[in-house]
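Protein chains in written order, with the working numbering: chain F, 1 to 315; chain H, 1001 to 1439.
Check the hints yourself; a few may be wrong.
[Claimed, not checked] With a straight-line Cα cutoff of 27 angstroms, these simulated DSSO-like cross-link-like pairs (lysine-lysine) come out:
1) F/Lys250 to F/Lys145
2) H/Lys1079 to F/Lys275
3) H/Lys1424 to F/Lys275
4) H/Lys1178 to H/Lys1276
5) H/Lys1130 to H/Lys1225
6) H/Lys1178 to H/Lys1151
7) H/Lys1178 to H/Lys1102
8) H/Lys1195 to F/Lys165
9) F/Lys145 to H/Lys1252
10) H/Lys1303 to H/Lys1332
11) H/Lys1102 to H/Lys1424
12) H/Lys1252 to H/Lys1164
13) F/Lys145 to H/Lys1195
14) F/Lys275 to H/Lys1438
15) H/Lys1424 to H/Lys1046
16) H/Lys1079 to H/Lys1151
17) H/Lys1276 to F/Lys145
18) F/Lys165 to H/Lys1252
19) F/Lys221 to F/Lys145
20) H/Lys1195 to H/Lys1102
21) H/Lys1225 to H/Lys1195
22) H/Lys1276 to H/Lys1303
It should be emphasised that the hints constitute simulated quantities derived from the structure, not laboratory data. The structure displayed is predicted, hence computed values, not measured ones.
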Amino acid sequence: MTDTIANRAAKVTPQKVARKIKGLSDRAIAWIFVAPTIFLLLAINIFPLIWTIQLSFTNYKANRLNREPEFIGLRNYERILTDSDIWLNMQATAHFLFWTIALQVLIGFTLAWLINKKFKGNDLWTTIIVLPMMLSPAVVGNFWKFLYQPQIGLFNYIIAFFTGKEPSSFEMLGSVQLAPWSIVIVDTWMWTPFVMLICLAGLRSIPDYIYEAAEVDRASKLRQFFTITIPMVLPFLMLAVLFRGIENFKMFDLVVQLTGGGPGSTTELTSINLKREAFEKWRTGYASAYAIILFVTVFGLASIYVKALNKVKER
Amino acid sequence: MKKMTSAAVGAALMTSVSVPTMAMAEDLTLCWAAWDPANALVELSKEFEAQSGHSMNFEFIPWPNFADRMLNELNSGGKLCDLLIGDSQWIGGGAENGHYVKLNDFFDAESISMDDFAPATVYAYSTWPKGTPNYYALPAMGDANGWFYRKDWFADPEIQAAFKEATGRDLGEPQSQKEMLEIAQFFQGREIDGKTVYGASIFTERGSEGITMGVTSALYPWGFKYENTPGSYDMEGAVNSPEAVEALEFYKEFYETATPPGYTNSYMGESLDAFKSGQVAMAMNWFAFFPGLYADPNTGGDKIDFFVNPPQNQAGSTLGGQGISVVAYSDKQDAALEYIKWFANPDVQAKWWELGGYSAHNSVLNDPGFKDSAPFAGDFLEAMGAVQDFWQEPAYAELLLAMQKRVHDYVVADQGTAQEALDKLIEDWTEVFEDEGKL
């Protein structure tokens, strides 16, 4: 008897079933194993995607079941891409994305670098720093809302202490200028530990002998940092940027809790706007087109980024 | 055989007496918003349970999620609610999308007359198309946006003297919108009992309907109209009329000069909190909350009084309130209709008002003692005489969210001018009506 996967599987399978398995090829067995996953993927990912694409060319409204949807071609796409309000939402999202990632990478890497130094209480500090990312975004949003409260909020009092300004003279969540920064601050507070952990994994994966060799070659600490630490942590850092980028592109809960997209539409990120179109205005066809545009954007950017990441890894 | 027949008849009789009672006893679920009147309704419904044998369950959703949650339920044909006290603006969608049972035949069969209810409430809560005798709800809870203020501060001789000196007139309930702003500005930042207080708390909430309800409380007294001719959807010159622009500018000035700092996203809850914590001299809110406010041990009783939304060019109040409908997807429609029949009874309506609900029944409202039955009863009657409601179209959610965005952008985020905000609003609404095939 040839030692195929089917035969090996048959040996450890009850006899009744084993008889059926024995005649199958390795390829057939492989298909049997992956079929449920493929089926699930098709059912919950691919089918909705295809359906969404189809709906995006119609004026379908999910709350108007007694109205026949009409095919309207590319009108939804045209409307979205020429809508100045949507471009403002895109700008708000880009602002949020850029600054959260920049700050989280900078602070996260710095914290990881400090934590990586062996010192007393190292583990305790790691645990304390990691705490914010363990909280629910709804909880974080709510308590930061209190911290930002201009009359009783601690944040305003701290700023007032350092600047001498009256605490109630500025509103972090109510000001058009400050609100975009207020959501950046909260997201950075919450998710910097995640970037720190990934960077820490990267730092700890660098073998000590590389630094020892550099020491022998009399490389300065600064040179070691730029020629060993940074290049070797870079793939990890890029991975963290990818994760945070994708997460923040679809940021919803935290910002809804904090500002609800306001004041006006200043912090109305694309995901908030998309939710309003889809499940409050019930413009299902329009929202489908919107979702497809966002999907293509994220998918395209992520693909380019992953290619770059692979190149960095190959070096 | 004869014996058997007698036994069979006896058994049949027994069955006919006992089984229907058991079969008819249903578990009904009534859905509404979670607020003070809902608690009163729970109390009131105990009488229905005792009389009918049905048991009542209640699903109360907090206001900010009420529309989302309930409209999703209706759109998905959900069976959670047998009875729904839905917002007045949902009536168009409820009727056209087949969510609500049409009640005309039932009203005829049970001799329930819509003439027994206040006309404004029948028009707003029950009819679709508007004003036609097609009823999809029974007026359940009359409501309008009104005002309350710190009577003890207004009566303080020192404050009165300071106000007289500042404005040249006596401090009292405002007779116009502009007077109200003047009073609010007078209190803004003033020290009272060693504490800094502010003018008034108004609605500025962005997510659901808050700022629209607040802004319309200024727009209606200035004479705002949605259309030049009702039913024509010709909004140019009506929605962006000079009066509408002035009213919107007024609301922005009110927000900027007479509200507590940080009130950029405030609605019912925040308004109540601001008043109860002694932060503001005046506050806007729905009449539904007034019984609770009056009963408040700290800021109620002698310390509070109420007034109707002041007029400017005309009287006008933003309509709140709801009608009670039978959900078309319910399997217990008969029992649900039984509840409506019971609720329409004048005695039940009188008890409803006693418990803190706002009856819309004429027998309650026209009672000679009604005006004096509560300190806000007279104001409620006055408000209901001049109420105006938002669009009640099936696409109301799109219309509402467009207005939320445009007015919040202007009032709170300080973007553009009032004229631009209203012009853009017409563009948004035109697009919605075009999609609906109405333009």
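Which numbered hints fail: Numbers 7, 10, 11, 15, 16, 19, 20 and 21 - these are the hints that the structure violates, sorted from lowest upward.
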